[in-house]
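Undergrad: Could you put together the complete structure from these sequences and hints?
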Amino acid sequence: MPSFLQNGVVAKIEKKITEAFKVFDHEGNETVDVREIGSIVRSLGCFPTEAELHELLAKVEEEEPTGYVHLEKFLPVMIKVLLDRSYRPIPEDVLLHAFEALDENKSGYITKEDLVKHMTEEGEPFTEEEMEKMLSSALNPETNAVHYRDYISMMIVDETDDLPQ
Amino acid sequence: EMPSSKRHRLFWFCSLAFKAAVLIQRWYRRYVARLEMRRRCTWTIFQSIEYACEQDQIKLHNFFSYLMDNFTPSSSKERDFISRMFISGESFKEAELEKYCDYESLEVPDSYTGPRLSFPLLPDHATALLEAFKQKQQLHARYVLNLLHETRKHLKQLPNISHVSTCYSEEVTVCGDLHGQLDDLFLIFYKNGLPSPSKSYVFNGDFVDRGKQSLEILIILFTFLLIYPKEVHLNRGNHEDHMVNLRYGFLVGLMTMSRLHGKKILKMIQNVFCWLPLATLIDQKVLVIHGGVSDTTDLDMLEKIQRNKFISVLRGKKRKESNRNVEIKEINGESQAEPDSAGNEITSSLPSQPRPTQAPSMTNRVEFSRWVRQTVQEQIEWCRKLVDISDSEEEELTCSSLVSLTDLDGPCWTRQEEWKQVSDILWSDPMPQEGCRENTVRGGGCYFGPDVTGKILEKYNLQFLIRSHECKQEGYEFCHNRKVLTIFSASNYYEIGSNRGAYVKLGPDLVPHFVQYQANKTAHTLTMTQRISRVEESAFRALREKLFAHTSALISAFKLYDKDNTGKITLSNWATAVESVLHLGLPWRMLRPQLVRSTADGMLEYKSWLDDLAMEQRSQEHIQSSLLEVIYRNRSNLETIFRIIDRDHSGLISFEEFHQTWKLFSSHMNIELTDDGINDLVRSIDFNKDGNIDFNEFLEAFRHHIQCLVCKARRTASNLTAEHNHSSRGAMAFVINFLG
Chain L
1 MPSFLQNGVV
11 AKIEKKITEA
21 FKVFDHEGNE
31 TVDVREIGSI
41 VRSLGCFPTE
51 AELHELLAKV
61 EEEEPTGYVH
71 LEKFLPVMIK
81 VLLDRSYRPI
91 PEDVLLHAFE
101 ALDENKSGYI
111 TKEDLVKHMT
121 EEGEPFTEEE
131 MEKMLSSALN
141 PETNAVHYRD
151 YISMMIVDET
161 DDLPQ
Chain Y
1 EMPSSKRHRL
11 FWFCSLAFKA
21 AVLIQRWYRR
31 YVARLEMRRR
41 CTWTIFQSIE
51 YACEQDQIKL
61 HNFFSYLMDN
71 FTPSSSKERD
81 FISRMFISGE
91 SFKEAELEKY
101 CDYESLEVPD
111 SYTGPRLSFP
121 LLPDHATALL
131 EAFKQKQQLH
141 ARYVLNLLHE
151 TRKHLKQLPN
161 ISHVSTCYSE
171 EVTVCGDLHG
181 QLDDLFLIFY
191 KNGLPSPSKS
201 YVFNGDFVDR
211 GKQSLEILII
221 LFTFLLIYPK
231 EVHLNRGNHE
241 DHMVNLRYGF
251 LVGLMTMSRL
261 HGKKILKMIQ
271 NVFCWLPLAT
281 LIDQKVLVIH
291 GGVSDTTDLD
301 MLEKIQRNKF
311 ISVLRGKKRK
321 ESNRNVEIKE
331 INGESQAEPD
341 SAGNEITSSL
351 PSQPRPTQAP
361 SMTNRVEFSR
371 WVRQTVQEQI
381 EWCRKLVDIS
391 DSEEEELTCS
401 SLVSLTDLDG
411 PCWTRQEEWK
421 QVSDILWSDP
431 MPQEGCRENT
441 VRGGGCYFGP
451 DVTGKILEKY
461 NLQFLIRSHE
471 CKQEGYEFCH
481 NRKVLTIFSA
491 SNYYEIGSNR
501 GAYVKLGPDL
511 VPHFVQYQAN
521 KTAHTLTMTQ
531 RISRVEESAF
541 RALREKLFAH
551 TSALISAFKL
561 YDKDNTGKIT
571 LSNWATAVES
581 VLHLGLPWRM
591 LRPQLVRSTA
601 DGMLEYKSWL
611 DDLAMEQRSQ
621 EHIQSSLLEV
631 IYRNRSNLET
641 IFRIIDRDHS
651 GLISFEEFHQ
661 TWKLFSSHMN
671 IELTDDGIND
681 LVRSIDFNKD
691 GNIDFNEFLE
701 AFRHHIQCLV
711 CKARRTASNL
721 TAEHNHSSRG
731 AMAFVINFLG
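Chains as they are written, first to last, in the UniProt record's numbering: chain L, 1 to 165; chain Y, 1 to 740.
No lab work stands behind these hints: they were computed from the structure.
Do not take every clue at face value.
[As the list claims (entries may be wrong)] Under the rule of at most 25 Å between Cα atoms (straight-line distance), these lysine-lysine pairs were calculated in the DSS-like manner:
| id | chain 1 | residue 1 | chain 2 | residue 2 |
| --- | --- | --- | --- | --- |
| 1 | L | K117 | Y | K19 |
| 2 | L | K106 | L | K117 |
| 3 | Y | K191 | Y | K136 |
| 4 | L | K59 | L | K22 |
| 5 | Y | K546 | L | K15 |
| 6 | L | K22 | L | K73 |
| 7 | Y | K6 | L | K106 |
| 8 | L | K22 | Y | K472 |
| 9 | Y | K212 | Y | K134 |
| 10 | Y | K304 | Y | K285 |
| 11 | L | K133 | Y | K472 |
| 12 | Y | K304 | Y | K230 |
| 13 | Y | K546 | L | K22 |
| 14 | Y | K199 | Y | K156 |
| 15 | Y | K285 | Y | K459 |
| 16 | L | K112 | Y | K19 |
| 17 | Y | K559 | L | K15 |
| 18 | Y | K19 | L | K133 |
| 19 | L | K15 | Y | K563 |
| 20 | Y | K99 | Y | K156 |
| 21 | Y | K19 | L | K106 |
| 22 | Y | K6 | L | K117 |
| 23 | Y | K230 | Y | K153 |
| 24 | Y | K568 | L | K15 |
| 25 | Y | K230 | Y | K199 |
[As the list claims (entries may be wrong)] Distance windows between CB atoms, simulated:
| id | chain 1 | residue 1 | chain 2 | residue 2 | range |
| --- | --- | --- | --- | --- | --- |
| 26 | L | T143 | Y | E477 | 35 to 43 Å |
| 27 | Y | S165 | L | E52 | 51 to 59 Å |
| 28 | Y | K6 | L | G8 | 56 to 64 Å |
| 29 | Y | K134 | L | E130 | 37 to 45 Å |
| 30 | Y | Q530 | L | E113 | 22 to 30 Å |
[Unchecked claim] Over 12 Å on every C-beta distance to chain L, these chain Y residues come out as not near it, computed from the model:
| id | residue |
| --- | --- |
| 31 | L122 |
| 32 | A128 |
| 33 | A132 |
| 34 | H163 |
| 35 | E170 |
| 36 | N308 |
| 37 | C436 |
| 38 | K505 |
| 39 | D509 |
| 40 | P512 |
All residues carry an ideal CB built from backbone N, CA and C; glycine is no exception.
TA: Shown next, in the form of structure tokens:
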């Protein structure tokens with residue numbers, strides 16, 4: 001990419017990141033709690049796994065972890081993430097395949113027990129709280145199962161490209 | 001022993017399932033994060049609009065200062081008019097009050113089916129009232145007034161700081177802001193039980209305004225106060241204040257409810273509010289105040305002052321000059337946040353008022369504070385030159401001016417220090433940083449840091465502070481290392497689903513136990529997503545309204561980024577421009593997808609975007625009128641001013657009064673309106689022949705009429721014919737003239 005274009009884009013990305021960062025900056029001193037980094041990164045359009053997030057955290061934390069992350073450390077790392085288009089979004093059809101992969105009988109739904117088992121024991125397991133929250137909107141109380149096609153279409157928000165225009 | 005093929009298939013499946021799980025988890029966590037961001041943005045929108053509203057309060061206050069400084073009355077009529085704006089709300093002497101707000105002459109008709117009160121009140125009266133209000137009945141004005149009189153009598157004997165002990169009743173329940181939300185009070189009583197000898201309550205202020213049942217809440221609280229004087233304690237909040245009530249509509253509710261007796265009730269309420277205690281001490285260890293503290297908070301002084309002197313903590317002060325006996329107004333210490341409203345030249349005899357420089361963004365509090373201080377100093381110097389007064393006391397005018405003393409025979413002011421004590425208690429907010437600075441956002445009180453809290457606790461041997469004043473998502477929140485507890489009892493404050501309400505219980509161990517609730521059944525059945533979406537919608541509606549109200553300023557700002565006049569700007573520049581106009585400190589790039597629907601290759605056609613906004617606001621033909629905007633933007637200010645003008649709160653103001661008001665208002669707000677123009681306009685709207693204006697109808701008619709005129713003006717600009725009658729033509733001419 002020609003360098004002059006690059007600069008323009010970087011400036012915009014920087015503003016975007018700073019804004020998102022500041023939403024979680026409660027004390028107004030350009031730091032956020034390290035536990036909020038995940039939310040910030042994700043709300044900027046990225047879909048990292050927990051492992052990828054930890055990698056990123058290692059780059060932005062202080063040498064002596066204080067529990068806080070400074071904007072000045074976060075900014076260059078995040079700019080690169082956005083420019084490289086790392087942690088790409090998951091397309092709807094890929095998500096559908098994932099649910100289908102857990103649906104052995106190809107019945108169109110996953111029982112509550114099965115879903116809980118998969119989500120809390122495999123992959124990067126959910127906490128109890130995360131599982132509960134997901135079930136509260138995903139579970140059909142009459143069938144006690146998750147009809148994943150319906151669930152996906154309900155949850156997929158029409159997300160405009162979060163990268164700066 | 002499994003066959004290898006099956007084992008292989010199983011392994012393959014497990015691996016696939018594993019990958020699928022990771023993917024779903026990854027996707028879900030992203031979804032939750034985005035929801036969290038949306039939730040925070042929504043909250044930020046509501047808060048910044050709310051505080052911008054309070055900034056409006058400052059502006060209004062400055063408007064009054066400005067009036068007093070620059071408007072030289074050209075006749076005794078005008079002089080009366082101005083001074084009336086400040087005198088309204090004075091307290092009566094005891095006998096006068098009894099006479100004016102007399103209730104005994106009020107007959108209660110036989111047809112009245114509501115509760116009937118007799119004094120002294122009994123628990124049955126309370127239950128009857130609760131029942132009646134649940135059935136949406138009203139209490140007859142006679143009983144309301146009677147109750148208010150008795151409440152006032154009772155409050156007068158109370159000290160400024162109430163004392164509660166957990167020895168007498170097992171525990172004390174502290175409730176925060178209720179803001180006229182009766183359902184929340186019902187919910188609290190339902191969950192926690194009614195006040196009784198074994199159940200103490202402290203209600204920490206802000207009983208009224210915003211919610212629709214402010215009067216009912218007062219009636220219930222005062223009733224319980226009189227029945228259980230040892231167990232029920234009320235603290236004054238910043239909304240128990242005449243000026244604030246004018247702004248936030250409690251009075252309008254009163255008037256529509258009981259027009260005939262509204263004025264009396266209003267007068268009594270004013271004289272009850274000023275007698276509310278300022279603070280409560282639980283077991284000498286927990287201090288309960290509505291707002292907070294400051295580095296100058298002195299409980300000993302607070303105990304000694306005459307608290308009833310402060311009818312309003314936000315009103316203009318009058319000072320008698322020894323030789324002229326003309327009322328001069330002290331400049332409001334917290335000057336305007338926007339520089340456009342100052343510096344208008346009026347009378348040539350006055351030295352010109354210094355024009356404040358461009359205000360920095362509100363989000364950078366240190367800078368903002370510094371700017372305010374600088375501007376204030378300039379204004380004070382100018383004011384001093386103006387009146388040529390040398391103060392005997394070294395008064396540091398850092399905060400809003402003082403309140404008028406009610407005793408008409410005595411001195412006309414109170415000491416700056418006393419006022420500051422009260423103002424700090426009622427208006428302050430905690431902040432994470434150390435130190436203590438003026439609360440320039442609200443216009444009163446301070447921001448106080450953990451060090452200030454620490455010092456107060458140490459000085460008076462306290463364990464922690466309980467305060468309210470700020471809406472919290474969960475109904476309560478700790479800060480300053482759990483030394484300050486905010487408790488907020490109005491659930492769904494911004495919108496259904498926006499927040500929970502809470503109350504806190506303290507036993508002899510003084511360990512707080514919280515109970516949260518949300519007074520709306522629908523809120524429970526909604527999922528987290530739906531709740532957030534709903535509140536979000538509401539927030540964005542409010543935000544779009546604000547954007548619309550600044551259309552002209554926005555166009556100017558956009559044009560700065562569109563030198564070539566293409567009609568388009570980049571989305572990044574859009575964000576910068578919008579912030580420079582609205583000063584709300586919002587993350588505009590995050591909010592952009594909800595505010596800007598369509599873009600063509602990353603560029604926004606700003607004019608059509610603004611047109612879309614306008615269309616939303618007015619469900620009629622696309623109209624653009626800068627006057628409309630100004631009215632829209634200032635309508636709540638206008639309403640407040642009108643309410644003050646309508647001194648007897650009858651809902652009617654005379655044509656004369658209106659004309660004068662409009663003239664003053666427009667000169668301050670930089671609108672050009674000639675006398676003839678306004679006359680024509682006013683006459684071309686139908687009024688009853690007696691020359692009185694029902695304010696509400698007028699404002700609506702005014703708005704509507706302006707729109708029609710603009711429409712007509714556009715369509716017939718080139719052919720003004722004689723078929724338009726005289727007044728209409730005059731009005732149209734003025735509008736066309738104004739629009740340029």
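Undergrad: Does each hint hold? Answer for all of them.
TA: Structure-based check of each hint:
1. Between the alpha carbons of K117 (chain L) and K19 (chain Y) the distance comes to roughly 14 Å, so the proposed pair stays at or under 25 Å and holds.
2. The straight-line distance between the Cα atoms of K106 (chain L) and K117 (chain L) is roughly 18 Å, inside the 25 Å bound, and the hint therefore holds.
3. For the hint linking K191 (chain Y) to K136 (chain Y), the alpha-carbon distance of about 21 Å falls within 25 Å, and the restraint holds.
4. For the hint linking K59 (chain L) to K22 (chain L), the alpha-carbon distance of about 19 Å falls within 25 Å, and the restraint holds.
5. A threshold of 25 Å between alpha carbons decides the hint, and for K546 (chain Y) with K15 (chain L) the separation of about 23 Å falls inside it, so the pair holds.
6. For the hint linking K22 (chain L) to K73 (chain L), the alpha-carbon distance of about 14 Å falls within 25 Å, and the restraint holds.
7. The straight-line distance between the Cα atoms of K6 (chain Y) and K106 (chain L) is roughly 19 Å, inside the 25 Å bound, and the hint therefore holds.
8. With a C-alpha separation of about 19 Å, the suggested pair K22 (chain L) and K472 (chain Y) falls inside the 25 Å cut-off, and the hint holds.
9. This hinted pair checks out: K212 (chain Y) and K134 (chain Y) have alpha carbons roughly 14 Å apart, not beyond 25 Å.
10. The suggested pairing of K304 (chain Y) with K285 (chain Y) holds, with an alpha-carbon distance near 20 Å, which does not exceed 25 Å.
11. In summary, the hint linking K133 (chain L) to K472 (chain Y) is supported, as the alpha carbons are separated by about 22 Å, within the 25 Å threshold.
12. A hinted pair counts as satisfied when its Cα atoms are at most 25 Å apart, and K304 (chain Y) with K230 (chain Y) qualifies at roughly 21 Å.
13. Restraint check for K546 (chain Y) and K22 (chain L): the C-alpha separation of about 22 Å stays at or below 25 Å, so the hint holds.
14. Taken as a hint, the K199 (chain Y) and K156 (chain Y) pair is honoured in the structure, with Cα atoms around 24 Å apart against an allowance of 25 Å.
15. For the proposed pair K285 (chain Y) and K459 (chain Y), the alpha carbon gap of about 12 Å is at most 25 Å, so the pair holds.
16. The straight-line distance between the Cα atoms of K112 (chain L) and K19 (chain Y) is roughly 19 Å, inside the 25 Å bound, and the hint therefore holds.
17. Of the supplied pair hints, the one linking K559 (chain Y) and K15 (chain L) holds, its CA atoms being roughly 21 Å apart against a limit of 25 Å.
18. With a C-alpha separation of about 21 Å, the suggested pair K19 (chain Y) and K133 (chain L) falls inside the 25 Å cut-off, and the hint holds.
19. The hinted pair formed by K15 (chain L) and K563 (chain Y) meets the criterion: a straight-line CA distance of about 22 Å does not exceed 25 Å.
20. Among the hinted pairs, K99 (chain Y) with K156 (chain Y) is consistent with the structure: their alpha-carbon atoms are about 18 Å apart, no more than 25 Å.
21. For the proposed pair K19 (chain Y) and K106 (chain L), the alpha carbon gap of about 18 Å is at most 25 Å, so the pair holds.
22. With a C-alpha separation of about 22 Å, the suggested pairing of K6 (chain Y) with K117 (chain L) holds against the 25 Å cut-off.
23. Among the hinted pairs, K230 (chain Y) with K153 (chain Y) is consistent with the structure: their alpha-carbon atoms are about 15 Å apart, no more than 25 Å.
24. Proposed proximity of K568 (chain Y) and K15 (chain L) is supported: the alpha carbons are some 20 Å apart, at most 25 Å.
25. Between K230 (chain Y) and K199 (chain Y) the CA atoms are separated by roughly 10 Å; this keeps the pair inside 25 Å, and the hint holds.
26. Remark: the range hint 35 to 43 Å for T143 (chain L) to E477 (chain Y) is upheld by a beta-carbon distance near 40 Å.
27. Range check, S165 (chain Y) to E52 (chain L): about 57 Å between beta-carbon atoms, so the 51 to 59 Å window is met.
28. Here the CB-CB span from K6 (chain Y) to G8 (chain L) is close to 58 Å, well matched to the stated 56 to 64 Å.
29. For K134 (chain Y) and E130 (chain L), the hinted distance range of 37 to 45 Å is satisfied, since their beta carbons lie about 41 Å from each other.
30. Between Q530 (chain Y) and E113 (chain L) the C-beta distance comes to about 26 Å, which sits within the given range of 22 to 30 Å.
31. L122 (chain Y), annotated as away from the interface, keeps every beta carbon of chain L farther than 12 Å; the closest lies near 47 Å.
32. Every Cβ of chain L is farther than 12 Å from the Cβ of A128 (chain Y); the closest lies at roughly 42 Å, confirming the non-interface assignment.
33. Distance to chain L confirms A132 (chain Y) as a non-interface residue, since its nearest Cβ pair spans about 39 Å, more than 12 Å.
34. Distance check on H163 (chain Y): its Cβ is at least 35 Å (rounded) from any Cβ of chain L, clearing the 12 Å threshold; non-interface status holds.
35. Every CB of chain L lies more than 12 Å from the CB of E170 (chain Y), the least distance being 34 Å, so the non-interface label holds.
36. Consistency note on N308 (chain Y): stated as away from chain L, and its beta-carbon is indeed over 12 Å from all of that chain's, at 39 Å minimum.
37. Chain L leaves C436 (chain Y) outside its interface by the beta-carbon criterion, the shortest separation being 16 Å against a cut-off of 12 Å.
38. Listed as outside the interface, K505 (chain Y) is consistent with that label: its C-beta sits roughly 26 Å from the nearest C-beta of chain L, beyond the 12 Å cut-off.
39. In this structure D509 (chain Y) is separated from chain L by more than 12 Å, as the shortest Cβ-Cβ distance comes to about 30 Å.
40. The Cβ of P512 (chain Y) sits about 22 Å from the closest Cβ of chain L, beyond the 12 Å cut-off, so the non-interface label holds.
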